[in-house]
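There are 2 protein chains.
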Amino acid sequence: MSTATISTPLSAPLTNTNVTSLVDRRLLHETVIDQLRDLIVQGELAPETKLNERVLAEKLGTSRTPLREAIKFLASEGLVELLPNRGAVVAPLKPGKMKEVFVVLGALEALAGDLACRNATEADIAEIRGLHYHMLAHHARGELAQYFRYNQQIHIKFMECAGNATLAQVYRGLNAHVKRARYLANLSRERWDKAVQEHEDMLAALVKRDGARLQTLLRDHLANKLVMVMEALAIPRVAAER
Amino acid sequence: MSTATISTPLSAPLTNTNVTSLVDRRLLHETVIDQLRDLIVQGELAPETKLNERVLAEKLGTSRTPLREAIKFLASEGLVELLPNRGAVVAPLKPGKMKEVFVVLGALEALAGDLACRNATEADIAEIRGLHYHMLAHHARGELAQYFRYNQQIHIKFMECAGNATLAQVYRGLNAHVKRARYLANLSRERWDKAVQEHEDMLAALVKRDGARLQTLLRDHLANKLVMVMEALAIPRVAAER
DNA sequence: AAACGCTTTTTTGTATGCAAAATGAAGTGA
DNA sequence: TCACTTCATTTTGCATACAAAAAAGCGTTT
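As you go down the protein sequences, you meet chains A and B in turn. In terms of my numbering, the first sequence opens at residue 277 and continues consecutively. In terms of my numbering, the second sequence opens at residue 277 and continues consecutively.
In case anyone wonders, no lab produced these hints; they're calculated from the structure. Where is the CB? At the ideal position from N, CA and C, for every residue including glycine. Heads up, some of the hints might be wrong.
What the hints assert, rightly or not - Under the rule of at most 30 Å between Cα atoms (straight-line distance), these lysine-lysine pairs were calculated in the DSSO-like manner:
1) K335(B) - K375(A)
2) K373(A) - K455(B)
3) K455(B) - K470(B)
4) K375(B) - K375(A)
5) K373(A) - K335(B)
6) K484(B) - K375(A)
7) K375(B) - K335(A)
8) K470(B) - K370(A)
9) K370(B) - K375(A)
10) K375(B) - K335(B)
11) K455(A) - K375(B)
12) K373(A) - K470(B)
13) K335(B) - K484(A)
14) K373(B) - K455(A)
15) K326(A) - K375(A)
16) K470(B) - K375(A)
To be verified - If you want the footprint, here are the derived chain A segments under chain B, 3+ residues with CB under 8 Å:
17) 417 to 426
18) 438 to 444
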């Protein structure tokens with residue numbers, strides 16, 4: 277997402293006394309945004325965790341100012357909730373919210389699929405096929421984490437093929453929410469196999485450039501994912517809806 | 277969106293020396309977010325305007341800190357762009373970006389229309405009908421600003437009827453972009469009439485609860501809106517695509 | 001022991017200070 | 001005239017300071 281442009285040593289002015297300048301090209305509050313987002317998405321900061329500014333700033337090695345700016349940014353993304361005069365918490369993972377997000381994601385992915393069928397080059401399709409087979413391999417070996425990795429990449433590649441950066445951005449934002457739930461999921465082999473079969477069908481539809489079919493496949497795929505997440509959410513928690 | 281809870285004078289402690297406390301229940305950086313967003317959406321801060329922190333903070337009557345937090349928030353919404361070490365600018369209104377946004381908005385509104393056909397109560401429909409007739413009246417009198425007002429309200433009400441807060445939130449964010457273009461638009465009577473006719477059809481579809489039809493109507497409606505915006509964007513500017 | 005008032009501590013929200021980077025204005029030489 | 005330095009000014013990015021609000025103790029009373 278971010279290709280840091282590092283000034284070449286040769287072209288850099290010699291007045292540069294600071295050695296670290298080769299490393300910290302990025303702005304502090306931007307790295308803090310990414311770090312904090314990762315902590316939340318990876319589940320290290322669990323939903324509803326209070327974000328203590330002093331502690332977090334220390335943990336991330338900055339002062340409170342850039343941290344607060346990062347928190348505001350992520351609040352707009354919806355990953356954290358602001359409580360006036362009481363700071364911020366990691367956005368809760370309510371089943372109702374998940375349901376809403378999946379409905380929207382379904383529409384967005386369907387749109388992306390339709391666009392991808394029109395715009396994808398043969399090279400794009402070849403790349404997706406490659407990712408698909410990697411995914412199949414990890415599925416066969418039961419390597420869940422790696423499976424998820426390629427699964428995500430395929431969906432992201434679909435978005436890229438759609439050629440609509442705005443669509444991709446909105447997708448990423450909502451997807452971040454959903455990814456948090458993944459770490460709770462206890463995927464049954466049966467459901468897992470089904471999801472893989474759905475991916476087979478999706479790839480076939482893309483190859484045939486059957487946009488209408490791909491749309492419905494994606495919508496169904498998302499609906500099934502939702503069911504899985506809901507099950508995972510229902511088991512370990514007391515009941516987060518409120 | 278924000279219903280400020282004002283503490284009743286009677287329950288307020290008498291140690292309170294500050295008279296303004298009755299007003300500023302809301303957090304400063306939150307009001308700054310709203311103020312800044314308004315300035316951008318209303319076009320007072322034109323696209324590509326540089327946001328000078330010192331000047332803006334003074335204008336909004338705060339220090340730079342809450343302003344910077346607001347800027348980060350709106351950057352995540354996409355209304356401002358962050359330029360590392362060079363501050364922030366109001367997000368440019370590129371035709372390409374508009375096109376992308378309208379495609380996504382089309383999908384979101386179509387989804388909302390479909391959901392609304394299932395979920396809207398008779399009272400909801402009555403309210404939309406009311407807004408619709410207000411809109412017709414302003415259209416007949418050629419009152420563009422008022423027309424837009426009710427037009428917006430109808431679309432927002434559709435979103436509400438869909439009963440998906442996440443959908444509504446994403447919609448609002450993207451819609452803010454589009455609203456900025458409105459002030460540039462020079463609506464021809466012909467296009468205006470057409471848009472009104474489309475609204476007639478949409479209302480009819482909702483009444484019949486014909487979700488499929490409403491979806492296509494909304495998609496077409498958005499596509500037509502895009503054409504209008506593109507024309508408006510093409511005329512007054514040098515050529516913003518880059 | 002639960003409910004309350006009170007004080008102390010912690011935490012948040014905002015303003016200010018300071019250093020680094022960017023911008024702009026002369027000035028110099030080709 | 002134009003390019004290129006150099007230096008002063010402005011502006012941004014981050015850290016810190018301070019005030020107000022919330023939370024946590026802690027006796028006291030019932």
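A quick look at each hint next to the structure:
Only pairs whose Cα atoms come within 30 Å are accepted, and K335(B) paired with K375(A) is rejected, the gap being roughly 42 Å. Restraint check for K373(A) and K455(B): satisfied, since their Cα atoms lie roughly 27 Å apart, inside the 30 Å limit. Proximity of K455(B) to K470(B) is assessed by CA-CA distance (about 19 Å); at most 30 Å being required, the pair is judged to hold. Of the supplied pair hints, the one linking K375(B) and K375(A) holds, its CA atoms being roughly 29 Å apart against a limit of 30 Å.
Taken as a hint, the K373(A) and K335(B) pair is broken in the structure, with Cα atoms around 38 Å apart against an allowance of 30 Å. Straight-line distance between C-alpha atoms of K484(B) and K375(A) comes to about 27 Å, which keeps the hinted pair within the 30 Å bound. A threshold of 30 Å between alpha carbons decides the hint, and for K375(B) with K335(A) the separation of about 42 Å lies outside it, so the pair is violated. A hinted pair counts as satisfied when its Cα atoms are at most 30 Å apart, and K470(B) with K370(A) does not qualify at roughly 42 Å.
The suggested pairing of K370(B) with K375(A) is violated, with an alpha-carbon distance near 34 Å, which exceeds 30 Å. Under the criterion of a C-alpha separation no larger than 30 Å, the hint pairing K375(B) with K335(B) is inconsistent with the structure, at around 33 Å. Simply put, K455(A) and K375(B) have alpha-carbon atoms about 29 Å apart, close enough for the 30 Å limit, and the pair holds. At most 30 Å may separate the alpha-carbon atoms for a hinted pair to count; K373(A) and K470(B) exceed this at roughly 37 Å.
Restraint check for K335(B) and K484(A): the C-alpha separation of about 57 Å exceeds 30 Å, so the hint is violated. Between K373(B) and K455(A), the direct Cα distance comes to roughly 27 Å. Compliance with the 30 Å bound is thereby established for this hinted pair. Taking the CA atoms of K326(A) and K375(A), the gap is about 24 Å. The hint holds against a cut of 30 Å. The hinted pair formed by K470(B) and K375(A) fails the criterion: a straight-line CA distance of about 36 Å is larger than 30 Å.
As drawn, the region 417 to 426 of chain A meets chain B at 0 residues by the rule of a beta-carbon pair under 8 Å; below three, the given contact is violated. With a cut-off of 8 Å between beta carbons, the region 438 to 444 of chain A has 4 residues touching chain B; three or more are needed, and the interface restraint holds.
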